[in-house]
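Just need the whole structure built from these sequences, with the hints factored in.
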Amino acid sequence: MAILTREAAFKAFIVIDTTALICSMSAIFIYFVAADLENNYKLFNNHMAGVGFIIVAMRAMLLAFINSLYVVLAHSPGIAITISLIGCLSFLAFYVILQKAYHPIRS
Numbered sequence: 001m002a003i004l005t006r007e008a009a010f011k012a013f014i015v016i017d018t019t020a021l022i023c024s025m026s027a028i029f030i031y032f033v034a035a036d037l038e039n040n041y042k043l044f045n046n047h048m049a050g051v052g053f054i055i056v057a058m059r060a061m062l063l064a065f066i067n068s069l070y071v072v073l074a075h076s077p078g079i080a081i082t083i084s085l086i087g088c089l090s091f092l093a094f095y096v097i098l099q100k101a102y103h104p105i106r107s
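Numbering (the UniProt record's numbering), first residue to last: 1 to 107.
Think of the hints as simulated: they come from the structure by calculation, not from any bench.
Bear in mind that the values here come from a model prediction, so they are computed numbers and not experimental data.
The beta carbon of each residue, even a glycine, is placed where N, CA and C say it ideally should be.
Check before you lean on any hint, since a few could be wrong.
[To be verified] Derived CB-CB ranges, DEER-like:
#	residue 1	residue 2	range
1	E7	V33	33 to 41 Å
2	L37	I14	29 to 37 Å
3	A34	L73	35 to 43 Å
4	I97	A9	26 to 34 Å
5	Y95	N40	24 to 32 Å
6	S90	V51	24 to 32 Å
Given below as structure tokens:
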């Protein structure tokens, strides 16, 4: 049995990593299905569902990365906190970029 299976942070990593995998696979599946659609309304809805799954997958991957580093670097809290802050800042940057892409400023 793995050494870390009893730690709560490792269990959280497993759940978050599985969520990221399922969301990524769902987005790809939706895009494959949407490739054959000729109805623009259905195509748009499938595209937006795919985008939603990708956003959730990106969040989950980032959280899984931060969580896994916390598990590995639990004995070096300074490094673990620094990496967590960098990860959170990158999430904030992704959010700002997505807001500008999907909600352009109207003049």
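Against the structure, the hints come out as follows:
1. Checked against the given bound of 33 to 41 Å, the beta carbons of E7 and V33, roughly 39 Å apart, stay inside it.
2. Distance hint for L37 and I14: a CB-CB separation of about 35 Å, consistent with the stated range 29 to 37 Å.
3. For A34 and L73, the hinted distance range of 35 to 43 Å is satisfied, since their beta carbons lie about 41 Å from each other.
4. In this structure the hint that I97 and A9 lie 26 to 34 Å apart at CB holds, the actual value being about 29 Å.
5. Separated by about 28 Å at the C-beta atoms, Y95 and N40 satisfy the suggested range of 24 to 32 Å.
6. Hint check: S90 to V51, Cβ distance near 19 Å, so the stated range 24 to 32 Å is violated.
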